[in-house]
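Let the sequences and hints guide you as you build the complete structure.
Numbering (our numbering), first residue to last: 17 to 414.
To be clear, the hints were calculated from the coordinates, so they are not data collected in a lab.
Since we're looking at a predicted model, the values are computed, not measured.
Ideal Cβ placement from N, Cα and C applies to all residues, glycine included.
Keep in mind that the hints are not guaranteed to be accurate.
Okay, derived cross-link-like pairs now, SDA-like style, lysine to any residue, Cα gap no bigger than 20 Å in a straight line [said to hold, decoys possible]: (1) Lys293 <-> Asn30; (2) Lys293 <-> Ile32; (3) Lys231 <-> Ser95; (4) Lys231 <-> Met241; (5) Lys231 <-> Pro350; (6) Lys231 <-> Pro126; (7) Lys34 <-> Pro161; (8) Lys34 <-> Leu210; (9) Lys231 <-> Asn91; (10) Lys34 <-> Gly160.
Simulated DEER-style distance windows between Cβ atoms [as the list claims (entries may be wrong)]: (11) Leu211 <-> Leu33: 12 to 22 Å; (12) Leu84 <-> Asn30: 30 to 40 Å; (13) Cys204 <-> Leu36: 18 to 28 Å; (14) Trp383 <-> Leu33: 47 to 57 Å.
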Amino acid sequence: MQAENAKNATTGANVILKLLPLSLVVFIGFLTMGMQLPVLPLYLHDNLGMSTLVIGTVIGAQFVVALLSRAWAGNFADSRGAKRAVVIGLVIIASSGLAYIASLPFVSVPVTSVWILLSGRVLLAIGESLVVTGALGWGIGLVGPQNAGKVMVWVGIALYGAMALGAPAGVALNAHWGFAGIAVSTICIPFLALLIALTITAIPPMGSSRMPFYKVLGMVVIPGMGLALASIGFGVITAFVALLFAARGWGNSSMAFTSFGLAFIAARIFFGHLPDKLGGARVALVSVIIEAAGLLLIWWADTATMTYLGIACTGFGYSLAFPGFGVEATRRAPPQSRSVAMGAYVAFLDISLGIASPLAGVIAGRWGVNMVFLAGGVAVGLSMLVAMRLLGKTSGTA
Numbered sequence: 017m018q019a020e021n022a023k024n025a026t027t028g029a030n031v032i033l034k035l036l037p038l039s040l041v042v043f044i045g046f047l048t049m050g051m052q053l054p055v056l057p058l059y060l061h062d063n064l065g066m067s068t069l070v071i072g073t074v075i076g077a078q079f080v081v082a083l084l085s086r087a088w089a090g091n092f093a094d095s096r097g098a099k100r101a102v103v104i105g106l107v108i109i110a111s112s113g114l115a116y117i118a119s120l121p122f123v124s125v126p127v128t129s130v131w132i133l134l135s136g137r138v139l140l141a142i143g144e145s146l147v148v149t150g151a152l153g154w155g156i157g158l159v160g161p162q163n164a165g166k167v168m169v170w171v172g173i174a175l176y177g178a179m180a181l182g183a184p185a186g187v188a189l190n191a192h193w194g195f196a197g198i199a200v201s202t203i204c205i206p207f208l209a210l211l212i213a214l215t216i217t218a219i220p221p222m223g224s225s226r227m228p229f230y231k232v233l234g235m236v237v238i239p240g241m242g243l244a245l246a247s248i249g250f251g252v253i254t255a256f257v258a259l260l261f262a263a264r265g266w267g268n269s270s271m272a273f274t275s276f277g278l279a280f281i282a283a284r285i286f287f288g289h290l291p292d293k294l295g296g297a298r299v300a301l302v303s304v305i306i307e308a309a310g311l312l313l314i315w316w317a318d319t320a321t322m323t324y325l326g327i328a329c330t331g332f333g334y335s336l337a338f339p340g341f342g343v344e345a346t347r348r349a350p351p352q353s354r355s356v357a358m359g360a361y362v363a364f365l366d367i368s369l370g371i372a373s374p375l376a377g378v379i380a381g382r383w384g385v386n387m388v389f390l391a392g393g394v395a396v397g398l399s400m401l402v403a404m405r406l407l408g409k410t411s412g413t414a
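Printed below as a string of structure tokens:
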């Protein structure tokens with residue numbers, strides 16, 4: 017028994033060592049997104065005079081475009097190689113910074129500036145789609161489908177770690193150099209990730225015998241719906257926490273994003289093994305309960321401290337909801353369509369954020385920013401029903 021435990025520990029350590037360089041690539045590549053989170057909504061509102069509906073639409077547009085590109089990104093990664101998908105995605109993310117720079121001369125013509133910014137968000141979405149879909153397929157190819165939950169855990173740590181550290185960095189850059197500093201960083205930073213990506217062992221493409229995207233989408237639709245509902249909490253925080261802090265006079269919101277990211281990372285470091293060990297549905301159910309409670313606390317809180325606590329609970333819960341539902345999705349897809357399956361699963365995140373952000377903008381404009389978090393808590397609560405259905409199917413199969 018001791019020998020078997022030692023073997024499992026070694027295997028686990030080897031899995032982490034294989035995933036660390038890839039996670040670093042994702043982390044550096046997504047620092048640019050983290051930098052934009054606390055800055056872009058306020059830039060649109062204060063500098064360009066846009067309404068909450070327009071802000072929600074601009075933020076949400078990234079997720080709509082990412083959704084539309086998931087099938088192509090997944091097929092590209094499966095047929096041309098996951099490494100190539102990640103490399104090209106990083107270059108496209110960098111190019112989005114050029115669009116941000118191009119928007120700056122048109123600040124005096126806000127509508128034109130917003131349209132140019134929107135084109136940058138489109139490029140960012142395409143690059144993000146390639147990087148995330150490629151990284152998930154690449155990671156599963158490196159460590160095997162039996163470790164799919166760990167792949168999602170470590171890629172997620174990198175992604176949300178970038179958000180946690182990128183947010184205060186973005187506020188600092190904006191304070192010294194304005195939105196131009198964000199734009200230049202968006203151009204330069206992805207190339208650091210590119211240098212690391214080029215050193216990681218590629219996995220061979222899975223060949224041409226793959227299922228159509230719509231069939232894979234049908235296989236993962238139930239766990240995908242769980243992800244979609246759970247992701248609304250993440251969506252309302254990314255789009256409206258900065259406005260909430262500004263409305264209540266609590267200063268900049270960079271620490272709010274940091275608290276979300278740190279709680280997210282802590283959950284994955286200490287409990288990231290649970291979806292593979294206990295089953296995705298069981299972990300997802302507990303996770304979304306915690307996430308919904310966090311959102312309701314943000315809505316109810318009247319101090320910055322209580323709001324930070326609610327944001328941390330939301331991040332902690334959402335952290336394991338993603339791999340929890342994701343393990344259930346992975347079990348339903350064939351190995352030759354690995355990247356497509358991951359793209360199909362993450363597409364539900366895009367659907368959620370693409371729809372929820374504009375709707376949340378309407379709610380904020382009519383009833384106040386804090387009501388967005390009440391609506392988010394209710395939506396996340398509905399994902400409990402999905403987790404319970406998956407848990408029932410798992411128990412029935414057993």
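Results of checking the hints against the structure:
1. With a C-alpha separation of about 17 Å, the suggested pairing of lysine 293 with asparagine 30 holds against the 20 Å cut-off.
2. For the hint pairing lysine 293 with isoleucine 32, the CA-to-CA distance comes to about 16 Å; that is within 20 Å, so the pair holds.
3. As the CA atoms of lysine 231 and serine 95 are separated by approximately 17 Å, the hinted pair is consistent with the 20 Å bound.
4. Between lysine 231 and methionine 241 the alpha-carbon distance is near 16 Å, which keeps this suggested pair within the 20 Å criterion.
5. Restraint check for lysine 231 and proline 350: satisfied, since their Cα atoms lie roughly 11 Å apart, inside the 20 Å limit.
6. With a CA separation close to 43 Å, the supplied pair lysine 231 and proline 126 exceeds the 20 Å bound.
7. Pair hint lysine 34 plus proline 161 holds up; C-alpha atoms about 14 Å apart against a cutoff of 20 Å.
8. Of the pairs offered as hints, the one joining lysine 34 and leucine 210 holds, with about 17 Å between alpha carbons and a cut-off of 20 Å not exceeded.
9. This hinted pair checks out: lysine 231 and asparagine 91 have alpha carbons roughly 13 Å apart, not beyond 20 Å.
10. Taken as a hint, the lysine 34 and glycine 160 pair is honoured in the structure, with Cα atoms around 11 Å apart against an allowance of 20 Å.
11. Checked against the hint of 12 to 22 Å, the pair leucine 211 and leucine 33 passes, with Cβ atoms roughly 19 Å apart.
12. Distance hint for leucine 84 and asparagine 30: a CB-CB separation of about 37 Å, consistent with the stated range 30 to 40 Å.
13. Take cysteine 204 and leucine 36: their Cβ atoms lie about 23 Å apart, and the range 18 to 28 Å holds.
14. Separated by about 50 Å at the C-beta atoms, tryptophan 383 and leucine 33 satisfy the suggested range of 47 to 57 Å.
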